[in-house]
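Chain by chain, the residues run as shown.
Number of protein chains: 2
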Amino acid sequence: MSTQTTGTAAPAAWARRPDEALSDETLTRVDAWWRAANYLSVGQIYLLDNPLLREPLTTEHVKPRLLGHWGTTPGLNFLYAHLNRTIAERGQSTIYLTGPGHGGPGLVANAYLDGTYSETYSDITTDAEGIRRLFRQFSFPGGIPSHVAPETPGSIHEGGELGYVLSHAYGAAFDNPDLLVAAVVGDGEAETGPLATSWHSNKFVDPTRDGVVLPILHLNGYKIANPTLLARIGEDELLDLMRGYGHHPYLFSGGFDGEDHAAVHRRFAELLDTVLDEIADIKARAAAGDDSRPRWPMIVLRTPKGWTCPPVIDGKQVENSWRSHQVPLSSARDTEEHLRVLEGWLRSYRAEELFTADGALDPDVATLAPAGPLRMSDNPHTNGGLLLRDLRLPDFREFAVDVPRPAGSMSESTRVLGQWLTEVIRRNPDNFRIFGPDETASNRLQAVFEATDKQWNAELLGPEVDEHLARAGRVMEMLSEHQCQGWLEGYLLTGRHGMFNCYEAFIHIIDSMFNQHAKWLKVTRHIPWRRPVASLNYLLSSHVWRQDHNGFSHQDPGFIDHVVNKKAEIVRVYLPPDANTLLSTYDHCLRSRDYVNVVVAGKQPSPNFLTMDEAVAHCTRGLGIWEWAGSETTDDDPDVVLACAGDVPTLEALAAADILKRELPDLRVRFVNVVDLMRLQDAAEHPHGLSDRDFDTLFTTTKPVVFAYHGYPWLIHRLTYRRTGHANLHVRGYKEEGTTTTPFDMVMLNDLDRFHLVIDVIDRVPHLGSRAARLRQRMVDARIHAREYTRLHGEDVPEVRDWVWPDVGETGTEGSGPAYSGQTAGATATGGDNE
Amino acid sequence: MSTQTTGTAAPAAWARRPDEALSDETLTRVDAWWRAANYLSVGQIYLLDNPLLREPLTTEHVKPRLLGHWGTTPGLNFLYAHLNRTIAERGQSTIYLTGPGHGGPGLVANAYLDGTYSETYSDITTDAEGIRRLFRQFSFPGGIPSHVAPETPGSIHEGGELGYVLSHAYGAAFDNPDLLVAAVVGDGEAETGPLATSWHSNKFVDPTRDGVVLPILHLNGYKIANPTLLARIGEDELLDLMRGYGHHPYLFSGGFDGEDHAAVHRRFAELLDTVLDEIADIKARAAAGDDSRPRWPMIVLRTPKGWTCPPVIDGKQVENSWRSHQVPLSSARDTEEHLRVLEGWLRSYRAEELFTADGALDPDVATLAPAGPLRMSDNPHTNGGLLLRDLRLPDFREFAVDVPRPAGSMSESTRVLGQWLTEVIRRNPDNFRIFGPDETASNRLQAVFEATDKQWNAELLGPEVDEHLARAGRVMEMLSEHQCQGWLEGYLLTGRHGMFNCYEAFIHIIDSMFNQHAKWLKVTRHIPWRRPVASLNYLLSSHVWRQDHNGFSHQDPGFIDHVVNKKAEIVRVYLPPDANTLLSTYDHCLRSRDYVNVVVAGKQPSPNFLTMDEAVAHCTRGLGIWEWAGSETTDDDPDVVLACAGDVPTLEALAAADILKRELPDLRVRFVNVVDLMRLQDAAEHPHGLSDRDFDTLFTTTKPVVFAYHGYPWLIHRLTYRRTGHANLHVRGYKEEGTTTTPFDMVMLNDLDRFHLVIDVIDRVPHLGSRAARLRQRMVDARIHAREYTRLHGEDVPEVRDWVWPDVGETGTEGSGPAYSGQTAGATATGGDNE
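In order, the protein sequences belong to chains A and B.
Under the working numbering, the first residue of the first sequence is numbered 1, with each subsequent residue one higher.
Under the working numbering, the first residue of the second sequence is numbered 1001, with each subsequent residue one higher.
Read the hints as simulated data drawn from the structure, not as lab findings.
Because the structure is a prediction, the values reported are computed rather than measured.
Honestly, I wouldn't trust all of these hints.
[Claimed, not checked] Quick list of in silico lysine to aspartate or glutamate cross-link-like pairs, EDC-like style, CA-CA up to 16 Å:
#1 A:Lys-735 x B:Glu-1737
#2 B:Lys-1567 x A:Glu-737
#3 A:Lys-203 x A:Glu-459
#4 A:Lys-316 x A:Glu-337
#5 B:Lys-1316 x A:Glu-464
#6 A:Lys-567 x B:Glu-1737
#7 B:Lys-1283 x B:Asp-1178
#8 B:Lys-1316 x A:Asp-466
#9 B:Lys-1316 x A:Glu-467
#10 A:Lys-316 x B:Asp-1466
#11 A:Lys-316 x B:Glu-1464
#12 B:Lys-1203 x A:Glu-237
#13 A:Lys-735 x B:Glu-1685
#14 A:Lys-567 x A:Asp-594
#15 A:Lys-203 x B:Glu-1237
#16 A:Lys-316 x B:Glu-1467
#17 B:Lys-1735 x A:Glu-569
#18 B:Lys-1735 x A:Glu-685
#19 B:Lys-1703 x B:Asp-1781
Next up, chain A with everything else stripped away, as it sits in the complex (with noise of 0.2 Å):
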């Protein structure tokens, strides 16, 4: 593997073909590269030893557990062979994505003929020998997964679930212009939804300032058990769909009846030619200026499933039908004949036509492929990391708000976030981008639209309607979250930067998609070769507390339960209750390497607690207390402890700690503040966890502990069963229980409110007396109060809606009222802006 990564400095992409004629040669040996690819794909799945068939087979040499996929290799193995030709004639650097990622010995033989695999894993050398590892190691204990996986050179996708490999491919060609990305469509995989919409990222693509993607459709009939959906339309019918996603389509059939493969070589050469003529003149067009959408042109490959594998096994037809999908002969060892049966088959490509007698692939054939980094195998793209720049940051500080005291100001955080993103942006003008499904304005991002646009290859109807809509920009909208999520992937992956704004309730649909890319991080720390990309940000707003406009169905805060499941390694989930912590801790994101970090912050007017330097301070511990919200004295344990994590909870919690400071003046509170969720965590568990020393001084180990938080209350206790002191621990969170237009309403219809932690600190500490009994029927009734006067008005009791943290400065004298009621009321009369 090159680890060079100037090696492509000046390809000469987008030329034309040399104008002479493609040459028998050139095609007998895009043919043995194909045969070579099969034959080392087949022994992958089957042999044990014997590579190269010097001796006659026998049981020994098979595997006794037959796994992997055949069906869509051969076809995955014919494009590689044919993109080698043109990639070396045309210098065009290309790289290789396979939907169909089940094909994965397909991946890794083709990485072994170009040389990338034995420069990547020494020990897989070009000979006999290491033809002998690379069979054995395949889909076996301690060996090679049997997809394409990070462990395959050449590949940023993952042959797991189904679906992103368009929405990977486009990801990759962003901000790449002179990169083509040949993606494969599996026809199985086209029946997703996510593969099914991200078709139209073709309407997203600047052809000046992105790569190209070459889509290829790879018609081979079946799934697992049928026929696919594409393969079973009339032909006008699916090339109207092309037509209709926006594509210029192109249907190749070849390899049925018995057609030549020299044949179906010639018209498949001349095919692919010709389209990557046609991309080169829309390339050239608009590079002259042309700037109306390109109809891009893609490819319907139709050949039969399992391609060159026996057509008849045992009496039924395999090539050609969903039973070639897997493994076409399910036991080599049981009968002499099957046996034989597969080593006709492997003997059918002539290995040794094509290795040399120390095997080695025959020198005359191994030029087919490019050379160094324009190997797809090799491409530096497809090791991000290689290529990964420094975000240029902004100081974050600068974009401070002012917190002359506690809760002296008013923000809407994201807003804030919003204006350094803009400096991120202006800085970082070719490797920073931000998705979103149509939610950056409401998510209150819109500051950014300062610095740049969003970027739209459809129709324009010109800035009066089209507000911050052009050709080319930094941020994405389409209103899918599978394709926010897999552009962002893509993008990442071949080495840049970006960040993923969405509904908390709504990030849920790409569960999956999150639990991908996390594996493949987690893998790819463990692999010397590949270099860390940057980290997959979230920011997750428009939250389950504040969803006027919407309901229960937009309240959900289970992605941070999801998240957490995976690798301690990997995962990072931050919760800054304002603006200063937002900045603070988005800062560290873009900043971080092979994380995935979740950032759970609201966009509604809401205090502000700290000043920058507090803040910095607050997250870089990730929790502490907060002294000037408590009432705890100086040398002993507090009473009790109240704790919160996320911006509403800590509204929250600050208005009960106000509460019973005042009513309960001689009862020793303790505030904490958690930003970093992972710090609860047990340091054995987390690498951001606390000692256990360190949380029992912080919690204690004997005083309860109300613990107010942003989402499904038991994911505290999931994070800190195992601390001394868990038992006195209560969690307050949302219980699904939803559906009210009013953010008080709503923290009461969860008991997360104010009065109710108040209720539950009484409820706790032992020996309060009966000035805390009246106190507890005083938030009774106000709770009833407060419930009644939103059923009559439709809005938050005033008392409650213009609270403020009481203005005691260091002096302590009071202040003079609630500062920022107004912003607060004035905020609130037309409604959140959810949409």
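Starting from the structure of chain A, add chain B where the hints point.
Showing chain B alone in chain A's frame:
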């Protein structure tokens, strides 16, 4: 709301329109209805009082917080009005599904106008006071949500997350041959992945046995802050796309450039008649035996977003702009000018012509709507519980596998279940379907194909190629988990039964859809007129522990974690350890109502532990002691509890119990197996929860508990953290360490293997002495040996692979050896068959 189930008994389905001209009077009624619905929609968003504008509008009449969405509403109202006309004329049972569920006020308005709303909610009377209440309750504390919701009569479709209207529509149409489902696809929603693939549902409809879906793509041009993609491609391209999806598209554009509303109505009414006549013709041809796939018509309806709202407000374009998405006039109380804009807008509908002096809908206008359950808001299909018939279930006991002694036989659990399901299908030929993404056979339910086929209306190549594919069948397979889930939801919500079989890892694809369905169920359980529907049953096979063909990317047991975040009254999770317990569990699931049942069960050959009588008893308890597996004496507490949940963990725990029994005969081991995971939770938290007393009796309060669990270990902690003995609990489960291709290697990688469980026990039981210390060392060595062996041979070490529970009969004599080792070896020889 009618509760008749027979009211729709004999609609004149699929009639062509009577051959008479469309009168101006009728169209005037359509327009009046539309104005009335628009008026009531605006009123809901804005007004607290003065509902019929009988006095000048003042700020006191206007809501203090303006919430809701206007943009899509007039288009939805337009369609409702026009469909009213055609239903009344044709007597065609029709339901109306709206993808743009944001149009909540519109659907409520129409249900109010046709009388359903007042029949359902008696306090919302058909007079001025009723209208006042209707307005006030909308998106108001204590009122109704702003979206289409379970509270909305006529809805089966939550207006939350977008993307599922077509899959819901087709689900509703299956097995309802006389039902028309008008399904409005928002052009925002159309960008989502699930929606983009759901157009292909038309290839799964049987024109004779299923109903008809009429998709109406509502091209209103804008999302929250952007144009929509499909409104910004050429019309030719859009029509190509719809043809490519297999439809016959009709494009209608109306309401632009000041087009007279009467003209728009006439044009659209004529188009709708053309389309409905075309559907009638297709139905007639199909009934006459034409089995070609029809190109069902669909409509592209292009109207201005926010149609009929003030075109310009504060100098900015609002109508026909994204600015009308939500509340076009964002404040009506701040200035007199805004108040007058609102009043002018409201008065533009001329409510005085539409409502009587009492506030009832003008009787002539009211004649537009059909009567009784033909009203779309009252159609009983939208309250599926009304139509639900119990399944006729064969006695699952008759499908029991023989278990001469614990672990005395082997089965593939799901294959056994398939035999029972075959009979379920035979007995319920029109109200039970199985959904799955191309995995029904892979999950080993293939016995069902003795009784039915996979329904498929794309091209068929004949039974030799296309096994078990037919125009009609009870199994629905498309490679889209979104489609499977959406179809099933639509099928269940209209009063039928079904199940979804899926690979465990990829069920996360529909996490967010599960969320919305669970929320729907949670709300409907508290709406008396919503009758219970059949539970949504998952069968998750090809689970985390046996991904032999695949690997890390296919390993995720976290769906259980996701599910248990939802309301306890809705969710059930079962982990049957063998075939008979799976049968008993699934029988229970198919009888249940209003739940989401998650059943995880393996498909690989594995030992049977319980006879059917024992299985029924065990499943009824949900968890219990397996005395035969433990080594307790009767009187005292055991020394240790060895607990397990899930088939693979149960096998490993039993093997560990066997080792302990043999090697440490004095150790008193209690063996507990858990089928119903919710039993672990507190009785206060979940209806299935064990009381503390029962839990403590079972697990003890003082003895170590080593728990082998199928999924992420912390879920067990989360469920049990309040139990007295929780600190003694030690859980082994999946740790996100994956990729190995032999079963035992996989469990070793996660420390869930028998040897490690023995080590766990030894490490936790005090004072075991030197024999235990020596055993511990042997266990360490055994793991090293087993790991080495798989790396050498590619198979699990025989003593593990062929391990059997010792054949100790009631007389205590040793048996004759591994009765099923041959079967085990045979089953693993060719690997598993995950795809």
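*Mind checking the alpha carbons of Lys-316 (chain A) and Glu-1467 (chain B) for me, to see if they're no more than 16 Å apart?*
holds (12 Å)
*Would you mind confirming whether the straight-line C-alpha gap from Lys-567 (chain A) to Asp-594 (chain A) stays at or under 16 Å?*
holds (12 Å)
*Could you grab the alpha-carbon distance between Lys-1567 (chain B) and Glu-737 (chain A) and see if it respects the 16 Å cut-off?*
holds (9 Å)
*Under the criterion that the straight-line Cα-Cα distance not exceed 16 Å, is the pair Lys-1316 (chain B), Glu-464 (chain A) satisfied?*
At roughly 9 Å apart (the allowed maximum being 16 Å), Glu-464 (chain A) and Lys-1316 (chain B) satisfy the hint.
*asked:* Would the hint linking Lys-1283 (chain B) and Asp-1178 (chain B) be met if the CA-CA limit is 16 Å?
replied: holds (10 Å)
*asked:* Given the hinted pair Lys-1735 (chain B) and Glu-685 (chain A), is their Cα-Cα distance within 16 Å?
replied: With Cα atoms ~11 Å apart, Lys-1735 (chain B) and Glu-685 (chain A) stay inside 16 Å; holds.
*Within a Cα-Cα threshold of 16 Å, do Lys-735 (chain A) and Glu-1737 (chain B) meet the stated pairing?*
violated (32 Å)
*Is the straight-line distance between the alpha-carbon of Lys-1203 (chain B) and that of Glu-237 (chain A) 16 Å or less?*
Measuring from Cα to Cα gives roughly 12 Å; hence the hint holds.
*Within 16 Å, alpha carbon to alpha carbon, are Lys-316 (chain A) and Glu-1464 (chain B)?*
holds (9 Å)
*Below or equal to 16 Å on CA atoms is what counts here, so check Lys-203 (chain A) against Glu-459 (chain A).*
holds (9 Å)
*Straight-line alpha-carbon gap Lys-1316 (chain B) to Asp-466 (chain A), limit 16 Å*: holds (13 Å)
*Would the pair Lys-567 (chain A) and Glu-1737 (chain B) pass a check requiring their Cα atoms to be no farther apart than 16 Å?*
Measuring from Cα to Cα gives roughly 9 Å; hence the hint holds.
Violation of the numbered hints given earlier is confined to hints 1, 19; the remaining hints are satisfied by the structure.
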